[in-house]
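> If you want the building blocks of each chain, they are given just below.
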Amino acid sequence: MAMSRNEITQKLVDVMALTMPENAIDLNNLREDMSLVGDLGLSSVGVLYNVIAIEEFFNIRFDDVGFADLKTVGEVINYIEQKVNV
Amino acid sequence: MNPFYNFCYDFIYITGVLPALVWLRPKIHYPFGKPCKKGALLVLANHHTNIDPILIQLAFPFRRLNSIATKDLFDTPAKARFFELVHCIKIDKENFSLSSFHEIVQRLEQKKLVLIFPEGGVHTQSGNDIKTFKSGVVLMAHRSGAPVIPLYVVKKQKWYQRQHFVMGQAIDVKTILGKIPTMDAIDATSNLLRDKEIELRTYYENNRKGAS
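So the protein lines, in turn, are chains X and E.
Position 13 of the first sequence, counting from 1, maps to 13 under our numbering, and the rest follow consecutively.
Position 49 of the second sequence, counting from 1, maps to 49 under our numbering, and the rest follow consecutively.
Incorrect hints may appear among the rest.
Here are a few chain X residues that sit away from chain E, every Cβ distance over 10 Å (derived from the structure) [claimed, not checked]:
1) A2
2) I8
3) Q10
4) V13
5) R31
6) D39
7) E75
8) E81
9) N85
DMTMM-like, lysine to aspartate or glutamate: derived pairs with alpha carbons at most 20 Å apart [stated by the list, open to error]:
10) E:K179 with X:E55
11) E:K71 with X:D63
12) E:K196 with E:D129
13) E:K90 with X:D69
14) E:K71 with X:D69
15) E:K93 with X:D64
Since the hints were made in silico from the structure, they are not lab data.
Even for Gly, the Cβ is constructed at its ideal location relative to N, Cα and C.
With the hints as extra help, turn the sequences into a complete structure.
Here it is in structure tokens:
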């Protein structure tokens, strides 16, 4: 099922609300230029955990990408968009 | 897994096991009872030397080990071929790929035994210290639902000494964490697994005279 970029972002906020530590960041102000590590405060395991959750919620697989390719929220959204809109 | 890979693994195992048994005379201690060694297992062990996977094979004599190996070991075609034949799973520590994670989870879902060194590398100079565990192992166990078995490999002081192992009971990470854990719970579980490893080391050190 095709999804718009806004729909993906909203669903991503829902996923991160479940996985992110309490009060880490106001997810309503999530921007695409935010870095996962620097701005969202995710550790490498935090990134992995979020990616697993994204896979579950979006029913996709991150199978051809490394963590170095996913530095910002925008890059994650790009990847999801590319996978869900095949 | 390709049957040819299984054949190669078994061939290496059968030819090497007898000399290894004679030389190392492995002894496994079960301070909390013997865990079930069948089905999917995620074995977490300390890492003193590069031959640890070979040593640990002796603690699981009738299982094929799927060891996690850093991509540096796959740097030539011949080495890459060899490590693939012995069922190693390549990971890139600098740019961890999700395909490696899926590969590990898939092998566990296929009821295989996966061996991980959760300290993240060989620690030859650290004595008996057990470093902080990487929390990724908790995610692997949670995602696959495989039980985790902590294993303490005793560092031999002399080449002729027996090889001792201390094996803990299986831990069900999925039951501990529930369906959607928080990051804090994942980190706490990682520390719990490390504590279990330390418990095994302490057991061996307290019973060393009787063990050797």
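> Hint by hint, note whether the structure agrees.
These are the hints, each one checked on the structure:
1. A2: Label holds. Min Cβ-Cβ 23 Å, cutoff 10 Å.
2. I8: I8 of chain X clear of chain E: closest Cβ-Cβ about 18 Å, beyond 10 Å.
3. Q10: holds (19 Å)
4. V13: holds (16 Å)
5. R31: holds (21 Å)
6. D39: Non-interface label on D39 of chain X holds, nearest chain E Cβ at 16 Å vs cutoff 10 Å.
7. E75: Holds: least Cβ distance 14 Å, greater than 10 Å.
8. E81: holds (17 Å)
9. N85: holds (19 Å)
10. E:K179 with X:E55: holds (15 Å)
11. E:K71 with X:D63: Judged against 20 Å, a Cα distance of about 17 Å means the pair holds.
12. E:K196 with E:D129: Distance ~14 Å between K196 of chain E and D129 of chain E Cα, so the pair holds.
13. E:K90 with X:D69: Holds: K90 of chain E and D69 of chain X sit about 18 Å apart, inside 20 Å.
14. E:K71 with X:D69: holds (18 Å)
15. E:K93 with X:D64: holds (16 Å)
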